[in-house]
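When you get a sec, could you build the whole thing from the sequences and use the hints?
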Amino acid sequence: MKPTYLTISSLGLATILTGFTATVYAQQEPLPVPVIIRSEPDNQKPTSKQEPTNTEAQPVEEKPATTQAQPVEEKPATTQAQPVEEKPATTQAQPVEEKPATTEKPSVEKDPFNTELPVRTIPRMSAVEFYNRGVDQLDNGNYPEAMANFKQALQLEPYDPDINYNLGYVHHIQGNYQEAIDNYTAAIKIKTDYGEAYSNRGYAYFVQKKFIEAIADFSKAIALTPDNDTVYLSRGNAYSEVDNYFQAIADYDRALSINPKNAMAYYQRGLTRSKLKQYQAAVADYTETLKIEPTFADAFYKRGLARLDLNKVEEAIQDFKKAADLFQEQGRTENYQEAMEAIKKL
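Letter by letter, the sequence shown follows residues -26 to -1, 1 to 320 in mature numbering (1 follows the signal peptide of the UniProt record, and there is no 0).
It cannot be assumed that every hint is accurate.
[What the hints assert, rightly or not] EDC-like, lysine to aspartate or glutamate: derived pairs with alpha carbons at most 20 Å apart:
1. Lys296 with Glu315
2. Lys163 with Glu153
3. Lys265 with Asp299
4. Lys296 with Asp272
5. Lys286 with Glu308
6. Lys286 with Glu315
7. Lys183 with Asp156
8. Lys296 with Glu312
9. Lys251 with Glu289
10. Lys184 with Asp201
11. Lys183 with Glu153
12. Lys251 with Glu267
13. Lys125 with Asp156
14. Lys249 with Asp283
15. Lys125 with Asp113
16. Lys165 with Glu131
17. Lys318 with Glu289
18. Lys251 with Asp227
19. Lys318 with Glu267
20. Lys235 with Asp201
21. Lys249 with Asp272
22. Lys249 with Asp227
23. Lys235 with Asp217
24. Lys319 with Asp299
25. Lys265 with Asp227
26. Lys295 with Asp272
27. Lys184 with Glu153
28. Lys163 with Glu131
29. Lys318 with Asp299
30. Lys318 with Glu308
31. Lys251 with Asp217
Hints in this document: simulated from the structure, not taken from any laboratory.
Written out as structure tokens, the structure is:
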């Protein structure tokens, strides 16, 4: 049963550092009912066992019961009428007739395995149901319910890497980064090539300012998913935080070669180039960002600062005004005031 990966695009996480993914199981099909082959001895037929009851007076008919030692010793007294009447002792003939009625026929008509199979499938199906409910709640933004369902699924399937991963994902969204790291780590221990778990654990480390650990996880994720532009972007951000600007730019370049529409890669590369005082190149990156995301207020503001460093005051003012308008529309009061202060200084 292979999981299908769904991108959680409605959570608005594209503007941070890395994207997240949640997994969902396709519904498991019922287990096939096995064919139970029962072997019965050919010499045990109901008709042959019942014949002695039909002809009690004929000793020839009673000889088939020679498998029992005691009846064979009593049978030679066939010349005496009375012993013959006593021999058909019903205590011997009846057990033979009753055995097939209680042990053989019901076992053929009613197979006990048919009642056991549904019980075997319940634990796994329950885990899948709880898991998929959790994914549905996660997609709807109902994080407490999503977490409750994932925890229920985890109790039934504690060694499922996807359940551990998604439980970590819910902790991640709610800002419980250490709990998220613990769940991602559990998923990785079970599934050592879980690229998404490495990537998201790296981001959790990044938020905790554990940049070396973050770089290690991003590097592992890149080795497992080399065509993932988001992971290159995330590692570039971590390199930038430890002042390894040239390695950061190399990662942004790689991200853009994979996805030329990655606005955040342009933006982050612009920030890094500004740190290196490459202002003209930074302006070009911010401009590319705005072509993809025309309402990205931060890009207008940062481009204004870069243009100001290039002594392009009028262009800088226009960028600050546009940034201020967008900040105000987006309810970002502090950023709006910051943009207005930049204008007043000019």
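- Query: Between Lys251 and Glu267, does the CA-CA distance stay at or below 20 Å?
  - Reply: At roughly 24 Å apart (the allowed maximum being 20 Å), Glu267 and Lys251 break the hint.
- Given the hint that Lys249 pairs with Asp272, test it: the Cα-Cα distance must not exceed 20 Å. The given pair, whose Cα atoms are some 16 Å apart, holds under the 20 Å limit.
- Item | Holds or violated: Lys235 to Asp201, with C-alpha atoms at most 20 Å apart | Roughly 14 Å between the alpha carbons, so the hint for Lys235 and Asp201 holds.
- Between Lys125 and Asp156, does the CA-CA distance stay at or below 20 Å? It holds: about 14 Å lies between the C-alpha atoms, which stays within 20 Å.
- Query: Does the alpha-carbon distance linking Lys296 and Glu312 stay inside the 20 Å limit?
  - Reply: holds, 13 Å
- Item | Restraint check for Lys318 with Glu267, where alpha carbons must lie at most 20 Å apart | With a Cα-Cα distance of about 27 Å, the restraint between Lys318 and Glu267 is violated, given a limit of 20 Å.
- Task: With a cut-off of 20 Å on the C-alpha distance, tell me whether Lys249 and Asp283 pass.
- Result: Status holds; Cα separation ~12 Å.
- Pair hint Lys318 and Glu289, alpha-carbon separation not exceeding 20 Å: Distance of about 15 Å is within 20 Å: holds.
- Hint consistency between Lys251 and Asp217 [alpha-carbon to alpha-carbon, up to 20 Å]: This hinted pair holds, its Cα atoms lying about 14 Å apart.
- Satisfaction of hint between Asp227 and Lys251, Cα-Cα up to 20 Å: holds, 18 Å
- Message: So if I understand the rule, the pair passes when the alpha-carbon distance is 20 Å or less; does Lys265 with Asp227 pass?
- Response: holds, 18 Å
- Lys296 and Asp272: Cα distance at most 20 Å? Since the Cα atoms of Lys296 and Asp272 sit roughly 10 Å apart, the hinted pair holds (cutoff 20 Å).
Checked against the numbered hints listed earlier, the structure breaks hints 5, 10, 12, 19 and 23; every other hint is satisfied.
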